[in-house]
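J.: Construct the complete structure from the given sequences, taking the supplied hints into account.
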Amino acid sequence: MKRYSAFAIAKEAFRHQLGWERAWRSPEPKPEYEVIIVGAGGHGLATAYYLGKNHGITNIAILEKNWLGGGNTGRNTTIIRSNYLQDASAAIYEKARSLYETLSQDLNYNVMFSPRGVAMLAQTHHEVRGYRRTARANAIQGVETEFIGSEQVKALCPIINVDGPRFPVLGALWQPRGGTARHDAVAWGYARACSDMGMDIIQNCAVTAVRRTGGTVTGVETTRGAVGCRKLGIVVAGHSGVLAAMAGFRLPVESVALQALVSEPVKPCMDIVVMANTVHGYMSQSDKGELVIGGGADGFNNYTQRGSFHHVEETVRALVETFPIISRLRMLRQWAGIVDMTGDRSPILSKTPLENCFINCGWGTGGFKAIPGSGWAMAELMAKGEPGPLAAPFGLDRFREGRFIDESVAAGVAH
Amino acid sequence: MLILTCPCCGAEADETELASGGEAHIQRQGPESTDAAFEAYLFQRKNPSGVHFERWRHAFGCGKWFHAARCTRTLEVFGTYTAQSLKPPKWILDRIRKRRPDWAGPLP
Amino acid sequence: MTGLEPEPVPEGEVPRQRFVPESLPAPDGGPGTKPNSGTSVMRVATPGMITLRGRIRSEPIASAVRKAIGIDIPEPRRILSVDGRSLAWMSPDELLILTPLGGSGSTIAALSSALEGQYALLADVSDARLCFRIAGPSSRELIAKGCPVDLSPEAFSPGDFRRSRLGQVPVALWMPDPGQFMLLCFRSVSDFVEHWLQNAAQGEFSGYL
Amino acid sequence: MSRRLSEGGRLIDREVPLGFLWNNRRLTGFRGDTLASALLANDQQLAGRSFKYHRPRGIVTAGPEEPNALVQLGHGASSEPNLRATTVELADGLRATSQNHWPSLEFDIGAATGYLAPLFAAGFYYKTFMWPRVAWKHVFEPLIRRSAGLGIPPTQPDPDHYEHYHAHVDVLVVGSGIAGLVAAGAAADAGARVLVLEQNPEFGGRAPVDGITVDGLAASEWIDDCVADLAWRDLVRVRNRTTVLGVYDHGYVFACEHRPRPNMDKSRADAPRQRLWRIRARQIVMATGAIERPLAFAGNDVPGVMLASAARDYAVNFGVGIGDRVVVVTNNDSAYLTATALAEAGIGIAGILDIRESPAGPALDRARAVGLDVRTGMSVASVFGRRQVLGVSATASNGDGARTERIVANAVVMSGGWSPSVHLWSHCGGKLAWDANRGCFLPDADRPPAGADGVGMVIPVGAANGTMDASGIPDEAVRAGREAARRAGHRGRRGRQSSASHPAQAEDAAESQPELAWMVPRQAKRSLRSRAFLDYQNDVKVTDIELAVREGFQSVEHAKRYTTLGMATDQGKLSNVNGIGILATSMGQEIAGVGTTTFRPPYTPLTLGAIAGEAHGPLFKPVRKTPMDGWHDDHGAHWEPVADWRRPYCYLRDGETVKAAINREILNTRRRVGLLDASTLGKILVSGPDSGRFLDMLYTGRMSTLRQGRCRYGLMCNENGFLIDDGVIARLGEETFLCHTTSGGSDRIHAWMEEWLQTEWWTWKVWTVNLTEQFVQVGIVGPEARTVMERLGNIDVSDEALRFMDHVDGELAGFPVRLFRISFSGELSYEIQLPAAAGLEFWTQALEAGADLGIQPYGTEALHVMRAEKGFIMIGDETDGTVTPQDLGLDWAVSRLKSDYLGKRAQARSYLNAPDRWRLVGLATEDPNAVLPDGAYATDGSRQQDGGKTMIGRVTSSYWSPTINRSIALGLVERGPDRMGEVIGFPVESGRTIRAKIVDPVFLGQDAGANA
Ligand SMILES: Cc1cc2nc3c(=O)[nH]c(=O)nc-3n(C[C@H](O)[C@H](O)[C@H](O)COP(=O)(O)OP(=O)(O)OC[C@H]3O[C@@H](n4cnc5c(N)ncnc54)[C@H](O)[C@@H]3O)c2cc1C
Ligand SMILES: NC(=O)c1ccc[n+]([C@@H]2O[C@H](COP(=O)([O-])OP(=O)(O)OC[C@H]3O[C@@H](n4cnc5c(N)ncnc54)[C@H](O)[C@@H]3O)[C@@H](O)[C@H]2O)c1
Ligand SMILES: Cc1cc2nc3c(=O)[nH]c(=O)nc-3n(C[C@H](O)[C@H](O)[C@H](O)COP(=O)(O)O)c2cc1C
Ligand SMILES: [Zn+2]
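Residue numbers (the working numbering), protein chains in the order written: chain A, 1 to 415; chain B, 1 to 108; chain C, 1 to 209; chain D, 1 to 1012.
Read the hints as simulated data drawn from the structure, not as lab findings. Hints may be right or wrong, so weigh each one.
Claimed, not checked - Using 25 Å as the maximum straight-line C-alpha spacing, the simulated BS3-like pairs for lysine-lysine come out as follows:
(1) B:Lys46 <-> A:Lys65
(2) D:Lys525 <-> A:Lys11
(3) D:Lys898 <-> D:Lys765
(4) D:Lys904 <-> D:Lys765
(5) A:Lys351 <-> B:Lys87
(6) A:Lys154 <-> D:Lys621
(7) B:Lys87 <-> B:Lys46
(8) D:Lys127 <-> A:Lys2
(9) A:Lys288 <-> D:Lys765
(10) D:Lys137 <-> A:Lys154
(11) A:Lys288 <-> D:Lys127
(12) A:Lys267 <-> D:Lys898
(13) D:Lys127 <-> A:Lys53
(14) D:Lys949 <-> A:Lys95
(15) A:Lys154 <-> A:Lys267
(16) D:Lys765 <-> B:Lys87
(17) A:Lys53 <-> A:Lys267
(18) D:Lys127 <-> A:Lys11
(19) A:Lys351 <-> A:Lys231
(20) A:Lys65 <-> A:Lys288
(21) D:Lys431 <-> A:Lys65
(22) D:Lys765 <-> B:Lys98
(23) C:Lys67 <-> D:Lys765
(24) D:Lys137 <-> A:Lys95
T.: Right under this line is the structure:
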């Protein structure tokens, strides 16, 4: 594979950019693979990548019903942080965050990880307590966070109105090493690396049934024919319930629309990521200049990748109150993704009732930040057949035992 | 923006007047239930891509819960009916079959 | 009312009016708008209020209510008023009884004896809600700034009663006569509602209804 | 120099000149001008700089699709970036500046990137800036950020206000062209309520510009009549300046109305700047017209190159000529209209280059008849000039552009065909189909966006439906209007009817089909392709799409994201189809197979302020207030939000700190008497024969056995077994209970009760009423409480008559009250419930009655401290949704004997019974002056598998207790109650560890409750 570098670009500039290779191949499906991953989103691609990189398994097909990276990975607000309360979450999200730091170099693809810092505003006393608690937990877990006062918030992000009459900003949980990354590049970078390792990424190939013999998976049927495998990884986010039904089990998951929007691009006006959970909205400014805005999820089951306007309204209302200067900026585009919400709002990385079939889902509104860590842990689970320490707490069995990993306890939402 | 007709008061309520309540017709499991049945009751959801039976409450209105049959892929509403039904009434099923001839019926 | 309406034209005559676009949306008006022409918002003395929970359309309860108050149970989403007392349909098993100021006590007494032995619940809620009157030519439009209900005359008129939301809070509304609305909200948010209504009254009106 | 023509300009009023500032230069235009037409009239073609290469760019369109002429309007707080000059109505004193350049529009340093364009091909940034690693954050990213972006956000809060409005219609007609107006009339004739929305100030769409006649009248006259006729009808509303922005499920539509103002810089206090329309439409007629497409040729972005329709608009509507020697290049007939219109206005036409080999028809005949030089089979090879057009080289349209001929010109107008405005069809799932004949994506009638009933809810008509010749429109529009009315449930006539006796007849010259060419000349060399722009704003060129294809970004969605085609502020209104054409060509595929990207709302950008509406400041979110709120505010209340309520955290006396106030309030209550506004507590009446049984299910304890006149503390769990609320239940009668909830719980718990009653136990005979708002509740607490009570009335409040946990009805201070003797502070305490209207009066009377006893109000913090001193839990402090009653040592409030209650089954699961669960204990710091921080965690020094330290407990509430003069804390600790006396460490900031002993949670004398 041709390496990307400034030098290569300069060279290509003289050759009219004619020398670039395809970022990934588009092969026909083979009849059989060792591993099939369903879903070429960030999590599916990262799983394949670490199966190859960490476990030497490269006889892999990644089957994608549309275009790779077009699911939630291609439509999220790109916030990366690891300031979670529970040990299990902090561990996997921090693993992911630290992998993000070197991901561009690992993949030889600039994913533009931008550790600009994430501030989660505390706007009630209750929230102050919750975030102080999280900061203390993080200190013990080895996640660098800090509870900062409102003057510091103002200094980090001058456009915040910290004196709002209804919800003054009392402080914030600040993670200086959190930030954003370029969502598409994450999918493309992993895809390029997977393809380069010889894995087959097959787009426009929807899985329509799961083949099994006895209680063991043997392959899948797709819109492009049947494909056999020894191990199957289901990594389809909002469509997990549909795939689980094909595989003969049911999940503690519901699919709902989560919306986001961007403003027209403007010159830099905010340097950090701000999340305001009490009023329900979060915002950052992309490198291109548009404000990237997200809020709460719609409340009902939905597979349409579009949501209701009043959620946009609520989000924007919250953000105009928090950042009064944005009132005269304009919404350019809004869209939605279908997210998979679990019973305790934490993800699932698990074996399933079907032998050799594994599932990675339930990242809901907040799995972009987890992509490298989740792929790492899922690869380990699939390669060894048993979860490693990162994945172990996220098994399906927890719902039967009542062993929830509940993140909502300290904060409101999780993005 | 969903608009559902509340079967209890007849108002054409829009989503901002309603509160959604997830899957309908889930049987409560009490102290005698097995672990598996209890887990299923609390967590396991059909979450279908297609015809779905669900609960809503006319929260900014008459305050009543009701059920709706809706397609999660097109958001078509086949009808709303009272929350005091253990399963979808026949007229709803008939209407769904008319609109979706190849529908296999409610998931078990 | 679009504000564009020419003089009424006699039946059968053809209206041929030159319509000059420039004359439309002058900077300070046009069909887009009408200024507040005397639409007012007022807190009004709250009537006595009683909640009756029971199967209100069932015969024993309906007749007990009729006996005690002399009014039939209204149809869903309707309000019936007789002699200063009103019955508002709140839900299939809830009725809001409005009495003259301070009159809830005697009405409750009458109702409880009429309902003796019935499975029903009465509660004096006279203090739970406060009441606003919105009167004037643009009252429909004022409320429509924040309420999702169809308030056009063909969809909502005296006798209708609707529970919905205004801005972010629950309200109930009805029209005691064609020129005004009564609006009930919970006591704890009445400052908010008043502020909301006054703010809306100060702005322009869309001129749509 | 002025480019204002001596005549013409149907929209301007030459009598009313308006002065405005452009980049601080004073210019004049006329009333009726847009900023764009006024700039052009002043010969200001150069209007902005592009996003990536900072190339000089001119005005290319005359509508909201404008990608180039984005300006910053106003200044200071009223400043607004990225406005399209083409839609800004000129106003006196308007100030506009161009954007995205430094130091000036004419000389922009950023343009240097343009010279490096060969380096900056699509997606180059994914391939570089990776080394050294830290450079991305500190060098590259800041650099990119600064050069990107367009306008500058304001720095002050918005002085304007915005309004919302809810409207309901049967048929919403979007667009007031011939199609929209005729459809509206037809729908109203069928009895439907109709609303017509037009984004422009003027009605009529393209017809008046295109010289169409309807019913023998010039289009503009017919339109005036038609609008007047519609406006006269009682079923129809017609509004201009209102853009329909989004279509959502079930016919929900939002639109934004602009309120023009005489002076752009001054906000009018009363009038909203914009109004957001939230419309519920049963049917939507999409009569949105079509948008002309550019042609891709080298230098097609040089200022002075413009869409043919726009040039026509400027000449006809505004009396502005865009040049004096104009080259026309086209692949269809419609540009001929421009050529003839310009020629008629006296503008020189340097030639018409028609890329078609042998076009024929009336348009050409007319052009030739007026002596225009029509050259078929020809196209522009390249445009000369950088900041303005100096000429073009013409070449055979099928060639490679090698052989050219120079034409001197100062403007180029182009037409690459028309793209129907199908956005609103697509927003809600409507599918498009490529029509190869007409060369455009059209609404696929078989796959419409469906409403709640599953039936199509949008009907396209006119140019939006691909019907480009006006003569075909009226019939189609009548059908559309009728069909919309029918689907909305109307067939009959009602309301004031139209005067028109027959459907309109429109006439225009029949047109021949366009001949598609995604790049001209068709075999263009690379050097030309690399200068042919598709997306002007984002600087996406033909070669960028080709590169994307080579690199495997072949899905239309990948190509979009890799090159940013169509992602600019015009959302691809001009560029998408050409880009897709190039994409398809490069892959050797048909456009139909490539498809298009998704149109998303909004159709054109709208301000966030309009979306937020009036909900800001005090109207942002309701605050719930008790009747005593005003009193608290007057008496130094330091507020705390509690759920949606606000409650006094403490009352500050002059000069006092918050801490001092809290301590004072606590000590005063413990030593004398305190007064608490507890009105926010939820109060729910539960009544009926099955109410005892119902409460037994709802609470973990048994309530059915409670005796009348008595109270009991109860806990509620969810079905997961976790504690969700607590409160005191009083039995008022045989079948009637009053349940108190937490302040945050009043609505939630009432809804919870109703949910179970309506959806699970609907045969049970229970009624509930939420009386939270009906009553206030006042706590009178402390050793002197009884004296105060005795002074307030003659209820016997002796220990004998009113025992702990008794309640009684009576009269106090002249008001009917319900009196509870309950306590969470360990002090003697009475809670008095009375009708809310009397609340304030009672409160002040109680203060008077206790004045000489030293009565003082106390706030929530004192309440919390006193609770904690007694080891009572607080929902939200000791609980966080993962804690069971058993964890909190509240087993005594959980009935083991009951066969069922909500949460019982869950509590039987293994994890909830694990021996190592964290359980409630008291924590006494070794240093009595050290207050443990809230939320501090205890560790035991061991390490977990993943390297983190092991946490063994946490502080749930922690206070300074002035009563016992030491710090106190409650916490959840692993196997806590089994470890009494053990000392554990809580690491806190800066490496310190606070050590605390595990103790009983009741800090204040075990028997202090005795007098309670
Ligand atoms: C609006 C929005 C904002 C968000 N904001 C954030 C944020 O700020 N930070 C954050 O960390 N996370 C955020 N998230 C969440 C995050 O986007 C997701 O958790 C994450 O992208 C999930 O990645 P994935 O790879 O699991 O799923 P996806 O990227 O959705 O990939 C799943 C893939 O499976 C494919 N698939 C489905 N069914 C089939 C089938 N039958 N056959 C073959 N393929 C199939 C889909 O086409 C899709 O490409 C947000 C999500 C949304 C929608
Ligand atoms: N010669 C050609 O090839 C050609 C091409 C296109 C159009 N035309 C001419 O255009 C006319 C077509 O008539 P028509 O009525 O279909 O279209 P139209 O373009 O005349 O009218 C459409 C109207 O809709 C408005 N509009 C568009 N989107 C809107 C939105 N989101 N919200 C509010 N308003 C919106 C526009 O401002 C415009 O006034 C005919 O006169 C036809 O001859 C000709
Ligand atoms: C972080 C982020 C930034 C985006 N910025 C833009 C943008 O500047 N312009 C744009 O048109 N779309 C932008 N989008 C939205 C995409 O165009 C698109 O709507 C989104 O990926 C969902 O895909 P879909 O609309 O095709 O379903 C952005 C999306 C994301 C996730
Ligand atoms: Zn209802």
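J.: If a hint holds in the structure, say so; if it doesn't, say that too.
T.: Right, here's what the structure says about each hint:
1. B:Lys46 <-> A:Lys65: holds (21 Å)
2. D:Lys525 <-> A:Lys11: holds (21 Å)
3. D:Lys898 <-> D:Lys765: Roughly 20 Å between the alpha carbons, so the hint for Lys898 of chain D and Lys765 of chain D holds.
4. D:Lys904 <-> D:Lys765: With Cα atoms ~23 Å apart, Lys904 of chain D and Lys765 of chain D stay inside 25 Å; holds.
5. A:Lys351 <-> B:Lys87: violated (33 Å)
6. A:Lys154 <-> D:Lys621: holds (23 Å)
7. B:Lys87 <-> B:Lys46: The given pair, whose Cα atoms are some 15 Å apart, holds under the 25 Å limit.
8. D:Lys127 <-> A:Lys2: holds (11 Å)
9. A:Lys288 <-> D:Lys765: Violated. Lys288 of chain A to Lys765 of chain D sits at ~62 Å, over the 25 Å cutoff.
10. D:Lys137 <-> A:Lys154: holds (21 Å)
11. A:Lys288 <-> D:Lys127: Holds, at roughly 17 Å.
12. A:Lys267 <-> D:Lys898: violated (65 Å)
13. D:Lys127 <-> A:Lys53: holds (21 Å)
14. D:Lys949 <-> A:Lys95: holds (16 Å)
15. A:Lys154 <-> A:Lys267: Given that 25 Å is the threshold and the Cα spacing comes to 19 Å, the pair holds.
16. D:Lys765 <-> B:Lys87: Holds, at about 22 Å.
17. A:Lys53 <-> A:Lys267: Outside the cut-off at roughly 40 Å; violated.
18. D:Lys127 <-> A:Lys11: Roughly 13 Å between the alpha carbons, so the hint for Lys127 of chain D and Lys11 of chain A holds.
19. A:Lys351 <-> A:Lys231: Judged against 25 Å, a Cα distance of about 11 Å means the pair holds.
20. A:Lys65 <-> A:Lys288: Violated, because 30 Å separates the two Cα atoms, which is more than 25 Å.
21. D:Lys431 <-> A:Lys65: holds (19 Å)
22. D:Lys765 <-> B:Lys98: violated (38 Å)
23. C:Lys67 <-> D:Lys765: The hint holds at about 24 Å.
24. D:Lys137 <-> A:Lys95: holds (20 Å)
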